[in-house]
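Assemble chain B onto chain A, guided by the hints.
Line order of the protein sequences matches chains A and B. No gaps in the numbering here: position 17 of the first sequence is 1118 in my numbering, and each next residue is one more. No gaps in the numbering here: position 29 of the second sequence is 425 in my numbering, and each next residue is one more.
Quick caveat, the hints were computed from the structure, so don't treat them as lab data. Glycine included, C-beta positions come from ideal geometry on N, C-alpha and C. Check the hints yourself; a few may be wrong.
Covered stretches of chain B, going by a simulated chain A footprint (3 or more residues, C-beta under 8 Å) [stated by the list, open to error]:
hint, segment
1, 444 to 452
2, 490 to 496
3, 499 to 507
Partial list, computed: chain A residues near chain B (C-beta under 10 Å) [claimed, not checked]:
hint, residue
4, N1160
5, D1210
6, D1214
Calculated lysine-lysine pairs in the PhoX-like style (CA-CA distance at most 25 Å, straight line) [what the hints assert, rightly or not]:
hint, chain 1, residue 1, chain 2, residue 2
7, A, K1181, A, K1114
8, A, K1181, A, K1164
9, B, K505, A, K1144
10, B, K441, B, K420
11, A, K1144, B, K441
12, A, K1114, A, K1144
13, A, K1164, A, K1144
14, B, K420, A, K1144
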Amino acid sequence: QVQLQESGPGLVKSSETLSLTCTVSGVSITDYYWTWIRQPAGKGLEWIGIFTRGGPDYNPSLKSRVTMSIDTSNNQFSLKLDSVTAADAAVYYCARGARTVVTTNYYYDYYMDVWGNGTTVTVSS
Amino acid sequence: DILMTQSPDSLAVSLGETATINCKSSQTLLHSSFNKNYLAWYQLKPGQPPRLLISWASVRESGVPERFSGSGSVTDFTLTVSSLQTEDVAVYYCQQYFVTPCTFGQGTKLEI
Chain A
1102 QVQLQESGPG
1112 LVKSSETLSL
1122 TCTVSGVSIT
1132 DYYWTWIRQP
1142 AGKGLEWIGI
1152 FTRGGPDYNP
1162 SLKSRVTMSI
1172 DTSNNQFSLK
1182 LDSVTAADAA
1192 VYYCARGART
1202 VVTTNYYYDY
1212 YMDVWGNGTT
1222 VTVSS
Chain B
397 DILMTQSPDS
407 LAVSLGETAT
417 INCKSSQTLL
427 HSSFNKNYLA
437 WYQLKPGQPP
447 RLLISWASVR
457 ESGVPERFSG
467 SGSVTDFTLT
477 VSSLQTEDVA
487 VYYCQQYFVT
497 PCTFGQGTKL
507 EI
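Chain A extracted, bound-state conformation (with noise of 0.2 Å):
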């Protein structure tokens, strides 16, 4: 069985760093893309970005701050938010891409099959 748990500080001060991390369980972190997504507080869900094998793609808005890596010695993936602003508190999920199967060659889908249960992370001015 397949999990994702978030991790990491639930409050982060104004124009400083946010650090993130998402441990999996059940699976190789080396055999899919992973995704992080963000939910502020009334509002919709927003595509942060994800990590390929062939590294990572952004969402543009956010490029410039963000960053994402894969620590494939823990089965983690991390998340770093640069110079945050109360626009930024939300609730932070990481999602695993999906992944289709045809004979012996995979295909990897930029939807999200399995989640996890999100984190809560505050801005303090």
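For chain B alone, kept in the frame of chain A given last:
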């Protein structure tokens, strides 16, 4: 970016009846070579991880009840929830994954 617009923003449906949620994209989500629509539907409930219901506009995820169905193509899509149950109360989102950045609709709140 592709703009995804859902309608309605909220709706109330009686138990056992059918709920219909619409999702419209600002650009085609149909890949002509593969003949696939790059559209997914998710269910969000408080305190639970989001749940994938439908991919490729109409492919129900394993374990999702048959009362959930997806339809549509190109730019207009629909999620239908038949025989509404109390556990279907949630917010539903559509997502396009045709191009990055992936984008979501604003969500539709479904109530009894």
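Hints and how they fare:
Counting residues of the segment 444 to 452 of chain B whose beta-carbon sits less than 8 Å from any beta-carbon of chain A gives 6, enough to reach three: the coverage restraint holds. With 3 residues bearing a CB less than 8 Å from a CB of chain A, the segment 490 to 496 of chain B meets the requirement of three and the coverage assertion stands. Evaluation of the coverage hint for the segment 499 to 507 of chain B: fulfilled, as 5 residues show C-beta separations to chain A shorter than 8 Å, against a requirement of three. Interface hint status for N1160 (chain A): upheld, as the beta-carbon distance to the closest one in chain B is roughly 4 Å, under 10 Å.
Given the 10 Å rule on beta carbons, the hint for D1210 (chain A) holds: about 6 Å separates it from the nearest Cβ of chain B. A hinted interface residue such as D1214 (chain A) counts as satisfied when its beta carbon comes closer than 10 Å to some beta carbon of chain B; here the least separation is about 5 Å, so the hint holds. Between K1181 (chain A) and K1114 (chain A) the CA atoms are separated by roughly 14 Å; this keeps the pair inside 25 Å, and the hint holds. With a C-alpha separation of about 11 Å, the suggested pairing of K1181 (chain A) with K1164 (chain A) holds against the 25 Å cut-off.
A distance of roughly 12 Å separates the Cα atoms of K505 (chain B) and K1144 (chain A); the hinted pair therefore holds under the 25 Å criterion. For a cut-off of 25 Å, the pair hint linking K441 (chain B) to K420 (chain B) stands: about 23 Å separates their Cα positions. For the hint linking K1144 (chain A) to K441 (chain B), the alpha-carbon distance of about 14 Å falls within 25 Å, and the restraint holds. The suggested pairing of K1114 (chain A) with K1144 (chain A) holds, with an alpha-carbon distance near 22 Å, which does not exceed 25 Å.
This hinted pair checks out: K1164 (chain A) and K1144 (chain A) have alpha carbons roughly 21 Å apart, not beyond 25 Å. A hinted pair counts as satisfied when its Cα atoms are at most 25 Å apart, and K420 (chain B) with K1144 (chain A) qualifies at roughly 19 Å.
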